[in-house]
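The chain contents come next:
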Amino acid sequence: MPIKWVLHWQPNAGTTVNTQILTEVSQCVESINGVKEGRWKATLSFYKPMLRVEQANALEFPRDFLGISLQEQPNKYYFVIRGQRLILEAESSIQTIMEKLQSYKTRVALNFEGFQYQLGDFQLRVGKVVPIHSESLRGIVMEMEYLPISSWEKSHQIMGEFFDIWQEALAKRSLPGHFVHIEPILSEFGLSDQYTSQHTAVQYASIMAQMIATAQSAQAVRN
Amino acid sequence: MECVVQGIIETQHVEALEILLQGLCGVHKQSLRIHELCLKSVPNLGLVASEIRLLCDLEQPEPTWTVRHVGGPMRGTGAEQISVLVRPMIESKISKNALRMFYALGYKLDHEQLRVGFAFHFQRGAQITVTVSSINKMLKLHATDEAVPVTPGIQLVEVTAPASSENYTEVVAAVSSFCEYLAPLLHLSKPGVSTGVVPTAAAAAASLMSDGGGTKM
Chain A
-3 MPIKWVLHWQ PNAGTTVNTQ ILTEVSQCVE SINGVKEGRW KATLSFYKPM LRVEQANALE
57 FPRDFLGISL QEQPNKYYFV IRGQRLILEA ESSIQTIMEK LQSYKTRVAL NFEGFQYQLG
117 DFQLRVGKVV PIHSESLRGI VMEMEYLPIS SWEKSHQIMG EFFDIWQEAL AKRSLPGHFV
177 HIEPILSEFG LSDQYTSQHT AVQYASIMAQ MIATAQSAQA VRN
Chain B
33 MECVVQGIIE TQHVEALEIL LQGLCGVHKQ SLRIHELCLK SVPNLGLVAS EIRLLCDLEQ
93 PEPTWTVRHV GGPMRGTGAE QISVLVRPMI ESKISKNALR MFYALGYKLD HEQLRVGFAF
153 HFQRGAQITV TVSSINKMLK LHATDEAVPV TPGIQLVEVT APASSENYTE VVAAVSSFCE
213 YLAPLLHLSK PGVSTGVVPT AAAAAASLMS DGGGTKM
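Residue numbers (our numbering), protein chains in the order written: chain A, -3 to 219; chain B, 33 to 249.
I should point out that these hints are in silico values taken from the structure, not numbers from a laboratory. Check each hint, because a few of them may be wrong.
Restricting the straight-line Cα-Cα distance to at most 16 Å, the calculated cross-link-like pairs of lysine to aspartate or glutamate (EDC-like) are [to be verified]:
1) A:Lys32 / A:Glu109
2) B:Lys128 / B:Glu91
3) B:Lys128 / A:Glu87
4) B:Lys128 / A:Glu85
5) B:Lys125 / A:Glu85
6) A:Lys96 / B:Glu83
7) A:Lys32 / A:Asp117
8) A:Lys96 / B:Glu123
9) A:Lys37 / A:Glu131
10) A:Lys72 / B:Glu123
11) A:Lys72 / A:Glu87
12) B:Lys169 / B:Glu68
13) A:Lys168 / A:Glu20
14) B:Lys61 / B:Glu91
15) B:Lys125 / B:Glu212
16) B:Lys128 / B:Asp89
17) A:Lys150 / A:Glu179
18) B:Lys222 / B:Glu212
19) A:Lys168 / A:Glu56
20) B:Lys169 / B:Asp142
21) B:Lys125 / B:Glu94
22) B:Lys125 / A:Glu26
23) B:Lys140 / B:Glu83
24) B:Lys140 / A:Glu56
Some but not every residue of chain B turned toward chain A, in silico, with C-beta under 10 Å [unchecked claim]:
25) Glu123
26) Lys125
27) Met133
Cβ atoms here follow ideal geometry from the backbone N, Cα and C, with glycine treated the same way.
The task is simple: from the sequences and hints, build the whole structure.
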């Protein structure tokens, strides 16, 4: 399947994301001739263990256990435990199994949703990060997909070049922040060079960790 | 949900059972070689203790994994009166690192076994699966190549069919009526209700073997 980079918006120190930035980013995609195609959505859930005695041995259980559903694979579900470099693909029915087990529950669930744009051989998706049942904006994400190539390695140059062009176009708008591409070491997760949806899930887990770290450090500064 | 009944048969009569099943189902048997791992939650994890099964299908060129959760059987007088066990069951195909993930989440291996035998899948009032297999235990962890039978000379027969809360009565009826055809060779009952081998098995097997499975119903 085509390779993609998942990017997230990094606000400048002392600033936060707002819907105005999201609007400007979307306008910027259209200004470089991106053609709006339709809606796009992904969902990410943080799980926490349900313990009979709270705090007794909470540290034994992973704190970074995530479940992800992607529009590109509607019948699949992905689990990531980043700390242990674990990515797992299952059928969607695994979510019902997890509920039946009553050993983990959702701590927080986030929607990533927005619009998809076509731009030559590229497909761009820009969206907001909002908690389910809420409209409070927690972040901005972007998927940059290049349709002709499925090799992570081979696509590196063209993806880098396109990313630079995109950053330049966006820079003209003097927004208080920029998009960041962090590259998880996919081989540590046992993933090969050929791109799959498991690669996408790992990237989402990585940007999520980054967004949490940014939010926490911003909070520490304020305090 | 699934409907399930089980029974046992002496290995010497398995060939006769196979001939009978072949005649009844009209499909070919499929080889079965499944490594089954039962995991249980560590003491403090979960509001209740939980159990999960990982099944690794070793018959495939590249082994495939499935995670299965089986709930408690349906209760009540209605459930007691029927001869088939009805219980919630959900499965999900899963990538091969499933065991690692469940270990990471706080599950521990309780026991493992290897099922070797064959299965028939067919439609007969319901989507019925009959498996005939010997249960083997591993002397060393995960050593499926060195497995030894738990009950030498005896094989487990299991008849299952998927069902829903809307159609389970019809599925129960379909499973029950199918089981009657097997009655001369083995008795099938709810799991946990052992009924042993049937006295007519040897004679029925001999008859089946002599007419080469030509028996039509």
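Interface hint check: Glu123 (chain B), Cβ to nearest Cβ on chain A, cutoff 10 Å. Holds or violated? holds (7 Å)
Hint consistency between Lys32 (chain A) and Glu109 (chain A) [alpha-carbon to alpha-carbon, up to 16 Å]: holds (14 Å)
Holds or violated: Lys150 (chain A) and Glu179 (chain A), Cα atoms, limit 16 Å. Roughly 15 Å separates the two Cα atoms, so the pair holds.
For a C-alpha distance cap of 16 Å, please report whether Lys125 (chain B) and Glu212 (chain B) respect it. violated (33 Å)
Is it true that the CA of Lys125 (chain B) sits at most 16 Å from the CA of Glu85 (chain A)? With Cα atoms ~8 Å apart, Lys125 (chain B) and Glu85 (chain A) stay inside 16 Å; holds.
Take the C-alpha atoms of Lys222 (chain B) and Glu212 (chain B), compute the straight-line distance between them, and say whether it is at most 16 Å. Holds, at roughly 14 Å.
For the pair supplied as a hint, Lys96 (chain A) and Glu83 (chain B), is the alpha-carbon distance within the 16 Å limit? Status holds; Cα separation ~10 Å.
Between the alpha carbons of Lys125 (chain B) and Glu94 (chain B), is the straight-line distance 16 Å or under? Distance ~14 Å between Lys125 (chain B) and Glu94 (chain B) Cα, so the pair holds.
Holds or violated: are the alpha carbons of Lys128 (chain B) and Asp89 (chain B) at most 16 Å from each other? Roughly 11 Å separates the two Cα atoms, so the pair holds.
For the hint on Met133 (chain B), just tell me whether its beta-carbon gets within less than 10 Å of chain A. holds (5 Å)
For Lys168 (chain A) and Glu56 (chain A), compute the direct alpha-carbon distance and say whether it is at most 16 Å. Distance of about 48 Å is beyond 16 Å: violated.
Assess, step by step, whether the Cα of Lys128 (chain B) is no farther than 16 Å from the Cα of Glu87 (chain A), and give holds or violated. Distance ~13 Å between Lys128 (chain B) and Glu87 (chain A) Cα, so the pair holds.
Going down the numbered hints, you'll see the structure goes against 15, 19 and 22, while the others check out.
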